[in-house]
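Listed here are the chains, written in short residue letters.
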Amino acid sequence: MSIAKNFFEIFSLPASWEIDHSVLDKKFRTLQLTFHPDRYANKNDFEKRLAVQTASTINQAYETLSSPLLRAQYLLKLEGFDADQESHITSDGQFLMQQMVLREALSDVKDCANPKDALVSLSIEAQQAAAKIQADFAQYFNTKEYNQAFDALAKMQFACKFVSDISSLEAELEEL
Amino acid sequence: MALLQISEPGQSPQPHQRKYAVGIDLGTTNSLVATVRSGSADILPDEQGRNLLPSVVHYETEGVSCVGYEAAGHNSSDPLNTLTSIKRLMGRGIGDIKRLGNSLPYDFAADDGGMPKIKTAHGPVSPIQVSAEILRKLAGRAELAFEGMLDGAVITVPAYFDEAQRQATKDAATLAGIKVLRLLNEPTAAAIAYGLDAEENEDTSAQRLIAVYDLGGGTFDISILRLSKGVFEVLATGGDSALGGDDLDHAIANWLCSELGMTHDLDPVEQRVLLETAKCAKEELTESDKVELDILDAKLVLTKDQLHELVDSLIDQTLSACKRAIRDAGVKINQIEEVVLVGGSTRMPRVGQKVAELFDRQPKCSLDPDLVVAMGAAKQAEVLIGNKSADDMLLLDVIPLSLGIETMGGLTEKLIHRNTTIPVAKAQEFTTFKDGQTAMSIHVVQGDRELVSDCRSLARFELRGIPPMVAGSAKIQVSYQVDADGLLNVSARELSSGVESSIEVKPSYGLTDNEITQMLQDSFSHARDDMRLRALREQQVEADRMLEDLRAAIDKDGESLLDTTELKCLQVALDELQVLRESCDDHRQLANQIESIGKSSEDFAARRMDVSIKQALAGLSLDEALDK
Numbered sequence: 001m002s003i004a005k006n007f008f009e010i011f012s013l014p015a016s017w018e019i020d021h022s023v024l025d026k027k028f029r030t031l032q033l034t035f036h037p038d039r040y041a042n043k044n045d046f047e048k049r050l051a052v053q054t055a056s057t058i059n060q061a062y063e064t065l066s067s068p069l070l071r072a073q074y075l076l077k078l079e080g081f082d083a084d085q086e087s088h089i090t091s092d093g094q095f096l097m098q099q100m101v102l103r104e105a106l107s108d109v110k111d112c113a114n115p116k117d118a119l120v121s122l123s124i125e126a127q128q129a130a131a132k133i134q135a136d137f138a139q140y141f142n143t144k145e146y147n148q149a150f151d152a153l154a155k156m157q158f159a160c161k162f163v164s165d166i167s168s169l170e171a172e173l174e175e176l
Numbered sequence: 001m002a003l004l005q006i007s008e009p010g011q012s013p014q015p016h017q018r019k020y021a022v023g024i025d026l027g028t029t030n031s032l033v034a035t036v037r038s039g040s041a042d043i044l045p046d047e048q049g050r051n052l053l054p055s056v057v058h059y060e061t062e063g064v065s066c067v068g069y070e071a072a073g074h075n076s077s078d079p080l081n082t083l084t085s086i087k088r089l090m091g092r093g094i095g096d097i098k099r100l101g102n103s104l105p106y107d108f109a110a111d112d113g114g115m116p117k118i119k120t121a122h123g124p125v126s127p128i129q130v131s132a133e134i135l136r137k138l139a140g141r142a143e144l145a146f147e148g149m150l151d152g153a154v155i156t157v158p159a160y161f162d163e164a165q166r167q168a169t170k171d172a173a174t175l176a177g178i179k180v181l182r183l184l185n186e187p188t189a190a191a192i193a194y195g196l197d198a199e200e201n202e203d204t205s206a207q208r209l210i211a212v213y214d215l216g217g218g219t220f221d222i223s224i225l226r227l228s229k230g231v232f233e234v235l236a237t238g239g240d241s242a243l244g245g246d247d248l249d250h251a252i253a254n255w256l257c258s259e260l261g262m263t264h265d266l267d268p269v270e271q272r273v274l275l276e277t278a279k280c281a282k283e284e285l286t287e288s289d290k291v292e293l294d295i296l297d298a299k300l301v302l303t304k305d306q307l308h309e310l311v312d313s314l315i316d317q318t319l320s321a322c323k324r325a326i327r328d329a330g331v332k333i334n335q336i337e338e339v340v341l342v343g344g345s346t347r348m349p350r351v352g353q354k355v356a357e358l359f360d361r362q363p364k365c366s367l368d369p370d371l372v373v374a375m376g377a378a379k380q381a382e383v384l385i386g387n388k389s390a391d392d393m394l395l396l397d398v399i400p401l402s403l404g405i406e407t408m409g410g411l412t413e414k415l416i417h418r419n420t421t422i423p424v425a426k427a428q429e430f431t432t433f434k435d436g437q438t439a440m441s442i443h444v445v446q447g448d449r450e451l452v453s454d455c456r457s458l459a460r461f462e463l464r465g466i467p468p469m470v471a472g473s474a475k476i477q478v479s480y481q482v483d484a485d486g487l488l489n490v491s492a493r494e495l496s497s498g499v500e501s502s503i504e505v506k507p508s509y510g511l512t513d514n515e516i517t518q519m520l521q522d523s524f525s526h527a528r529d530d531m532r533l534r535a536l537r538e539q540q541v542e543a544d545r546m547l548e549d550l551r552a553a554i555d556k557d558g559e560s561l562l563d564t565t566e567l568k569c570l571q572v573a574l575d576e577l578q579v580l581r582e583s584c585d586d587h588r589q590l591a592n593q594i595e596s597i598g599k600s601s602e603d604f605a606a607r608r609m610d611v612s613i614k615q616a617l618a619g620l621s622l623d624e625a626l627d628k
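Those protein sequences? They're chains A and B, same order as listed. Residue 157 in this note's numbering sits at position 157 of the first sequence; the count goes up by one each step and never skips. Residue 16 in this note's numbering sits at position 16 of the second sequence; the count goes up by one each step and never skips.
Treat the hints with caution; some may be incorrect.
[Stated by the list, open to error] Coverage of chain B stretches by chain A, computed from C-beta distances (three or more under 8 Å per stretch; other residues unrestricted): (1) 121-129; (2) 313-324; (3) 422-435; (4) 611-617.
Keep in mind the hints are simulated off the structure, nothing from the lab. No residue lacks a Cβ here, since even glycine has one placed at the ideal position from N, Cα and C.
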């Protein structure tokens, strides 16, 4: 489909890491107000089908640009680095060590005297680490050092997985 | 306030131009139908003025004897032929039903497809047929009120209904001869009915977070929504499509059973008596602190505290689901500004009390929790049928459960994660496992667990004709497309050869298209003629739409977006369609012409979409400029 040229173009936004979420949200709603299949309820079947495809693309574009990880991945893909195709593992020893320490802390949480508090402080630490990696990515990407940016992306994947594991454990603790 | 419109003398809109649309709440215990009249959503009552229709169907040898209140009257005397809570069986397989245990006092007959059928005096009937009877009765109420045909309906489903349950609901509507404008999630319908998007919201760009807690007879839903004027955006949804007021009744009935020392297997009549007593006890205890029960020649007392002990663990399950949905929505519980209670079972004070504790605020329940879903559905039906301008309302809903595919080792690979905004399309590439492999079996599943065996199996199909290659070198792209009703289409393609295979997912426990057609034919007295006329009428409407849409599009963009040859071809094809529309009485011929024009104008449509995307955003930047 022709509108799938570039997720940034769909929203008339420049392809950059920095994004104004309130503008993105507003543009997303404006586009869906025009293209959501509900708007095509009285049109013929072909237009309906096209509306479903267009609205799907808009949703996917919005999801991609809204999430830091997906946006970083997409930006690099536009520059020819496809994280879906080639897997890359960072060789940054300090980073890997930090991740191991965090992982160990996570597996010890359940044995703490107060697991919920332990998890909260771990979660803060993990989010700070994630923010730091994002800042690194931004710097490398903006200066077109794509190899380093690609390395930062690999770290970002680590960090995101860790944040989501924290949230799963949080859910588990709540249900006890 | 909006100004009322009055048309020019002699040009009043023809009466037939107004279309009749309704919202239908197809509930576990009760069902309702509502429509918008003079701007407000009204429930359409039966001839005796009753709003609810008990979701009960009674069968006798010749077939359905009655639906609703009258059917409910047979509950204790003829339990095996009086079908209640049928919604719990929609889209379920025999295996699921065994898991629901003895809560359903019916005799089941397995059919070849694994879809359960209930044995009645009339013979085995499927849950879809039973639901169709209820829908037909509701459509009858509407046609009585409109003194005419119903043009379409929005039917509500629990937000947590999976693909199979949604498809079963849509099939039931087809069987009842109702055109489904949209399947709408119940909590979203409730939010529309309350008009929560506009409330206390002077700043038009303000956003609010709300939670809708919906505990019905047999299902529980929680939805977290972000509202800004006119836009209802579901951020996350959760729940349990097999937990509801019925289960609270069962908990009480089990207690009665043990208090009475009944250890033998209960017969269906005893089961019904226990359940009825439990239901009454639950209702009495909303007002008083204890209730005396006369049951099967014994006297028992149930206090409010005892009741709480019996039901609290069930209510706590709903609260866990709330917490999960809030987490999925990526918000904090104290950011939620409003909690709305929906569903008959929220009448139980204990439920409201526990919800208030969790959210730390008093929930809202100013609209009747039994009626609110149907009212919201009626409002959306009015927009979708085209009676009301759509400019001021938009619903962005999500899928409740992840959609995936089976990979080696019985593992699930998720293609679309739960709580993704719909419509949505995702594609992923897979490859072959063996050298020279020429076919691949695609198994579509729904659920959030890692193992395929823990997820619901939706469909299986095969891609054949893959050119023989070394293992791992074929590239098979599997695409999932979920539409705005939450229904799934899957296609698979081998990229080097272009071999393609696709399937509209028909759940393992649903009806096939042929079965539906057969049943529809059976239900018409002059089956064949009626079917043909109906099909022709449908194609004529489609032809009219296409002619109108494309001619308008040509007027507007024909010169700028089409070259002379393209324009000429399209115009000739449209003229041919116009002639066929007037003269032809074979629906298939008409359908073929529509199909061919649709295909040849796809590029034109896509170009117009591109242009209008730019226009939509251009309008926005202008607004922004003006704001500053």
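To see whether the hints hold, each was checked on the structure:
no.	hint	result
1	121-129	violated (count 0)
2	313-324	holds (count 3)
3	422-435	holds (count 5)
4	611-617	holds (count 5)
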